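Asker: Sequence:
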Amino acid sequence: MHKFNWVISRLLLYVAGLALLMMVFLVVGNIVMRQVSSSFGGTTEIVGWLTAVVVALSLAYSQVTKAHIELDLLVEHFPVRLQSVLYVLVSGASFLFFSMVAWKLWEYGFSAMQRGSLSQTLRIAFYPVVYLVALGFSAFCLVLLADFLSSLKKVVTQ
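Using this note's numbering, you'd call the opening residue of the sequence shown number 279 and step up by one each time.
Because the hints were derived from the structure by calculation, they are not lab data.
Among the clues, some could well be false.
[As the list claims (entries may be wrong)] If you anchor each label on the Cβ, the simulated ranges turn out as follows:
id : residue 1 : residue 2 : range
1  : Glu348    : Tyr292    : 39 to 49 Å
2  : Val433    : Met378    : 39 to 49 Å
3  : Leu296    : Gln392    : 23 to 33 Å
[Claimed, not checked] Below 20 Å or equal to it, Euclidean Cα-Cα: the simulated SDA-like pairs (lysine to any residue) are:
id : residue 1 : residue 2
4  : Lys344    : Lys382
5  : Lys344    : Gln392
6  : Lys344    : Ile286
7  : Lys344    : Lys431
8  : Lys382    : Leu400
9  : Lys344    : Gly370
10 : Lys431    : Ser395
11 : Lys432    : Ser316
12 : Lys382    : Val366
13 : Lys431    : Leu360
14 : Lys432    : Lys382
15 : Lys432    : Ser416
16 : Lys281    : Ala345
17 : Lys344    : Ser395
18 : Lys344    : Thr321
19 : Lys281    : Ser395
20 : Lys382    : Val363
All figures in this text were calculated on a predicted structure; none of them were measured in a lab.
Beta carbons: idealized from backbone N, C-alpha and C, even for Gly.
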């Protein structure tokens with residue numbers, strides 16, 4: 279499962295990097311066009327979507343590599359067994375919470391697609407962006423599940 283999570287998270291990270299590059303080119307192009315003539319319409323809307331995509335698609339990689347911030351000033355003074363139990367509880371609660379987030383995002387994307395919802399400024403369908411964000415959260419949930427199972431195994435074998 280670790281190898282699968284690694285591959286998926288790296289793939290999504292590359293897509294997030296492409297979205298970040300698109301965001302940079304759009305903002306720089308908008309600045310240049312503003313100096314030359316008039317700026318692009320809907321830049322704020324597209325940058326907002328791309329920001330959501332970048333954040334969501336990079337969550338799984340951040341969790342796989344443990345590149346997030348951990349505040350363990352208090353927990354590091356606990357016995358090792360209690361630390362393991364707390365990690366099981368936190369990773370389990372995180373998995374449950376973000377599973378609900380992913381589920382609701384998939385539902386929202388499907389609902390927006392069924393209704394034919396359009397964005398406010400550009401009047402284009404935004405459900406593909408919602409699906410990308412849901413995909414990012416789903417991959418994040420897979421990594422959280424693997425973390426939960428490995429920490430549970432550690433608690434049982436201690």
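Asker: Check each numbered hint against the structure and report the violated ones by number, ascending.
Answerer: As far as the earlier hints go, 1, 2, 4, 5, 8, 10, 11, 12, 14, 15, 17, 18, 19, 20 are violated by this structure, in ascending order.
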